[in-house]
Amino acid sequence: MGRRRWRQQRGDCRVGVRAEALPEAIAALSRTLPTGPSPEIFRRAKFDLPEAVPALWQLLFHVLSQVPEDCATTSLTPEAQVRWVKSTLRSQGYPRPALALLPEDGTQGSRELLLALSWLLARGPLLERVLTCTRVRLGDEMSVCECVDLARGRASLDQPTACKDSNSCLDVRHVQWLMGKLRFQWRNLISSHQEHCALLSKIHQYTRGCHSDRNLCHLSVAEVELLSDPEVGKQLLQRLECENARLEAALDWCRLEPVFWKWTDTVLDASPPGPPDTGSQPTFLPRISDQGTRGLELLAWELQALQEQLGAAVEARRTAWAVQVLAREPEWRAAMQTTEEAVERELEVLRQTWEQGADLTQLHGLHRLVRSETGALPGWGLHVTEAVGALRSKEACLEAALGWLQEQCRQELTRLVGALPELLWIPPHGHWEP
Amino acid sequence: MSIVTVQLGQCGNQVGFEVFDALYSDSYCSQGLCSKKENEAYQASCKERFFSEEENGVLVARSVLVDMEPKVINQTLSKAAQSGRWKYGQHACFCQKQGSGNNWAYGYSCHGPKHEESIMNLIRKEVEKCDSLHGFSIIMSMAGGTGSGLGAFITQNLQDQYPNALKMNQVIWPYGTGEVIVQNYNSILTLSHLYRCSDALLVHENDAIHKICAKMMNIRQISFNNINQVLAHQLGSMFQPTYSAEDSFHYRRNPLGDLMEHLVPHPEFKMLGVRNIPQMAENSLPYSTFTWAGLLKHLRQMLISNAKMEEGIDWQVRPPLARLPALGKMPFNKELHFDTSIANLVILRGKDVHCADLGGFRDPALYTTWLKPADAFSMWKTQRAFNKYEKSATLVSNSQFLVKPLDTIVGKAWNMFASKAYVYQYTKFGIEEEDFLDSFSLLEQVIASYCNL
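Chain order of the listed sequences is A and B.
Terminal number for the first sequence in the working numbering: 434, no gaps in between.
Terminal number for the second sequence in the working numbering: 453, no gaps in between.
Isolated chain B, as found in the complex (with noise of 0.2 Å):
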């Protein structure tokens, strides 16, 4: 089962390049700590989902690039290509000489509809290159012009052309200080398109993987490439092979099915967020052992303190006695201190795997008052170590994480749009204010359906 990748804009461009390598440079790392016959049928688990293989057994990425300038394309085949060990395929990508703008509705209602042809034929090519498509993995930001608008744009096309297939769209949050001015503007159109054409969206935001970059990384000067970086990381501990069940050990062959099932059935809570754990420089990594307890007890707290990574999780935050059906139903405007779960999934690799306890990930506490936790968790996991960490943990979480940040982008378009600032630059190209006072409603919702949990 196969996913094809989509990447779209600047943004797309680079973080897809830095998924496949991390795929790549994991699986085919010495430092697998398990059987050669092991290690064999992970490659191969690996190579299945993300690349086909040419004649001359050079691997190339099931992916289509896809942007409005040329430059970054360029770069990111031309890096592909000197890695010497992966590449993009020859007529994978599509560029044109000018960009969005940074306009949402540039990228949504002119590129788009533009060059829908083209760009849906590439995607069909790469689908009948898989023996058989599981879904698409579509890597876009939201706030600027191209990967978002278009992105949008493409994930309603595909879900049109292929109702059948799974759609995840990696969604990059921008940064809360961001230099763009209607950054938000962007961000809330493209949120709402995507409610509503995509399967799940995982989010992943630029200041909490800075501060990781600057924490945990101890990194100086802080570039996009480091960022991208730690976010591929994450994505591939998600993605790579795991064992299909308990006590087997073949590998799953439909992890993106999979994780739709257990983590977003419901239409209005769509919204998943990725921690890991550990995280650090690799120079460090032959110094430092771990245990599974410790690395479980922190990545619980992490999520229901809310934070995003090992330094500086709040201890003191409980999940409460008695769930109490007046709890959930707080304002979110006042500050949430316990992050109520609606499903969760913990993903382990590495050493004596077998040996870690998960009972604290099992805890009613955690989850909703509609769903128990034999619903609402779930555990993939393999031997084999990940990324030459020993042992780490990866949990996708489908909770209340994201209630804040949401809001406080909705509040800000909203003040915006209420003066009207810069709307003409959107119905200019025909996105009227109609549209945005349906994702605002829609935001809106999502936000309050969060909050009444």
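Chain A extracted, bound-state conformation (with noise of 0.2 Å):
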């Protein structure tokens, strides 16, 4: 289970928790986690019980996704659900295949779920990421970054089966109409966005000077509702009570989490050994064994053994395509020399779009929107001409990307063309620049 588990049982000597602890652990985890699952549930799933499924592919899906509850189970359905927690998994490095093999349907592999989510744990920082997300929120904030809005927008990405309809032949002007209303959808989106603005400025115009922190200024929306509508503050009152019971859940975790992890040792242990990874299931992120360092010296023994086999092989294979190379020499260094260009390009957007990533790092997460009159910073704050400018970089690397995938497109379709001579192509209305 990695380094983290490693330190947690080190530490476990020093503090010598009681191991009666085990119930306590268990309910302080499930009450710091997002849909609060019953502590009943890990019992089961250590027996690998069925019941225990649905509650614990949900609870990864949250944990995962990071979508508040109430609107996140809504849109995507169970099985789209298991889906997409697969793959983020998979891609997030998951070692072990057998959660890949899991049936959609939410029947069986409650322990192989309880080692994933146990995996996450360990990984860390969940728990950490989880709670900022939920976190009660007073101010009108924005973000510089996409981390938020990409952890939140992922959930949608993932309903591949929903339009494969191999069987019915696709009519285009269905996808043209579908494609109409994405248009309408996203006018309609930033004409909403600019109202919630203006809406914004207003309210921290009227409220200028009303807030008891002098670093404000003015109120937030928020604030707003708290003073206007009693209710509302009664609502907040309850919100932040169960933030507060959360935090103090995640206090006794961290004390009691060394119980945890021994207890875990014995779920692996109740788990038959999986078949060694095939690499079917390609992990994205390197492994570390846990042997620790005296493993390092082997391994890194072995990888060069490996890499001059490796440059021996490739050596043989250069020689050998050489060969075949110089018969048809002219027409492989044209084809050459596209490859050259296009990769070329592609370098080029990719390079733009980390040296303007690696500007933004500074600007990362969410920050509270003020109205400064004297235009002086909080020692933490962030001017607003910076945020353009680093939402203005960010549009231009995004817009690079548009352009490169436009131009791969329109080669494409100038393939097609030449390969259908006796056609006409007409481009449709609206659309008439070269």
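These are computed hints drawn from the structure, not numbers from a lab.
All C-beta atoms, glycine included, are put in the ideal place defined by N, C-alpha and C.
Keep in mind that a hint or two might mislead.
Unchecked claim - Label-pair distances were calculated between CB atoms; the ranges are:
1. A:Arg368 - B:Ser441: 52 to 62 Å
2. B:Trp414 - A:Val172: 23 to 33 Å
3. A:Gln352 - B:Asn121: 51 to 61 Å
Please assemble the complex out of the two chains, which come individually in their own frames, going by the hints.
As structure tokens, then:
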């Protein structure tokens, strides 16, 4: 279970936590987690009972997508959630292939799911992220980086089977219709955003000088609501109490964590050893052996040997290839040149993205919107021009990427047109530009 | 979310006035048949969309008036002021001394560029008064000079300057027996230019509304005022507030956006038509009673048999039992009995609206093969009665209803063009033969696309 658990085990000896604290530890964990699963789920999952399966899939979905509980479940079917969890875990480097083989109907595999959850916890900082996400927010905030949006938006990306209907032939007008619909929704979204901004600005202007905190000058939407409706105050109090309870549970969890990991070892022992990872389910993150630093030397030596072998093999291939190429040199050379150019362009786009991404790292996270008369910033502040600049550069790199993709499509179209010389291609209305 | 109206030319200004008057009188009518609280929400929603409020509480229409002659604008302004209920903004109109002489090219190429800056400034000022602009409703005739030529020019400018705002053009279709000799030229130029820069073209046919006035409203001497009032009633029943969702009692924030998303996402199919039921003289209303089942049965038959009003519906027309692909590929010069829809929106207003059954509109046989009824049909409703009608239903549809009139106009214009009649009047002002040919090919494409549903 990685470095974190190893650290915990060592810490265990120092603290000397009672073994009977296990129920307490699990209760603390479940109170910290977003869906607040019953502690009984964990016991059932240890014995691989099917009753625990749906709750665990849902829990994993929430933990990974970080979407608020109420709006996530409605948009995706349970099967889609299962698929999504599987693919996300795989892309994050989850090492056990058994998880990917679980059925999508949510009937079995609670122990595997428990192990997956434990893996996420062990890898950290899962709970911290979840807690940040569910924090009660009083200010009007904006994010400059994409990570918040990505974490929320990803959930909707995965609906692969919904539109694949290989039996019926697809009418291109249906696709155009959907595309048009998307365009309108996009425009509606933009005007909603503009309205939101205009109204925020009004509230900030009208409440100037009302805030007790001098750095803030004016009230936020949540604060105005609090003042205008006592019922909102009660709700806020409730939410704060909830969050408080969750934070207290998280503190308990930090104290009792070692007990949980000992118990997880017994779960791991109870599960049958899976088949060795054959590479059919590729993992994208490098794994580090648990044997520690002594193993590393051995590993380095093995790696070097492998590299040498690989070098020899590549050399042999290359000479064989060169012989082949010499025979058909001119056409190969042209093909190679176009490939090289394409790679060069793609690299350039990537490089730009990377360079601009580097600037953005400082502007990471959510920022409270504050309208300041003097223009003076408290120490932690971010000036609006900086934020706008960051967004502009992000826009520029997205546009570059879009331009590159459009170029790809155009080339593909030109190729298709060339393949059907007897056809006349007329661009649709409103796309007259060459 | 607000909508800014641009009234262009004689026709656009007269219709625009009636629309605002209908919106106002419906919102503040005492016969809404709903609770006081609900009525207030309805009024507030209507106000946000179409009016701004002066400090003394008088409502000001979110509208810009444009004409090249002062007469109609002055009449419109004074009519609004006389109503004593609402008015136009003090600096919201633009007029000149000389009209466009029914020449599209003059409106588009001369008046347009010459007055572009002043008109766009007026519009910008009106836009700045909105907390949030959602879109434009541009009211214009299709066949005249100022409304159609300048209207197309202004719509293009709006598209350039407000690319994210929605643009719906209210296009008044001329009488088939119109008195303007070049009305077919003007019409094809208007339609083809709007097709490129507008999001939706809502078509109002003078002939159809004239018949409604005669048959349904029992008006003897039909004036343009009568016609414009019927048209304003139809538009009002489309754009007055409706609930945002099936089980919600909040009013929809963004009717223009929702409507377009439902009906005109496809760039080749932008023609919309509107029908409503019941229609009758105001003094007959107290003696009439309706059921939702009856109204909707009639409305559905009006849709599939392409009838503009309740009277004279052809009840023999039935949707085809099995939709064979070949059926849709009928050549358009044969008579189309059954009208296929791309998408429909039904808006219900009034008593017991939750009991209305719309199953008849969800029949897949009504629609094209490439859209499922769930995507092609949508419904809005509100319990509040509209304009003194206890129950009323409005159907906005994107269907084959316009294929025949459009084909007629294109055909007549082509015949004239082939003999080069009057073309010099257009080339004189910079509209070349090439532009005509572009317009013809675009509209032929539109007709073919609608025929091959």
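Results of checking the hints against the structure:
1. A:Arg368 - B:Ser441: 52 to 62 Å: Given range 52 to 62 Å: holds, Cβ gap about 56 Å.
2. B:Trp414 - A:Val172: 23 to 33 Å: Because 29 Å falls inside the window, the suggested range holds.
3. A:Gln352 - B:Asn121: 51 to 61 Å: 39 Å, violated
Checked against the numbered hints given earlier, this structure breaks only hint 3.
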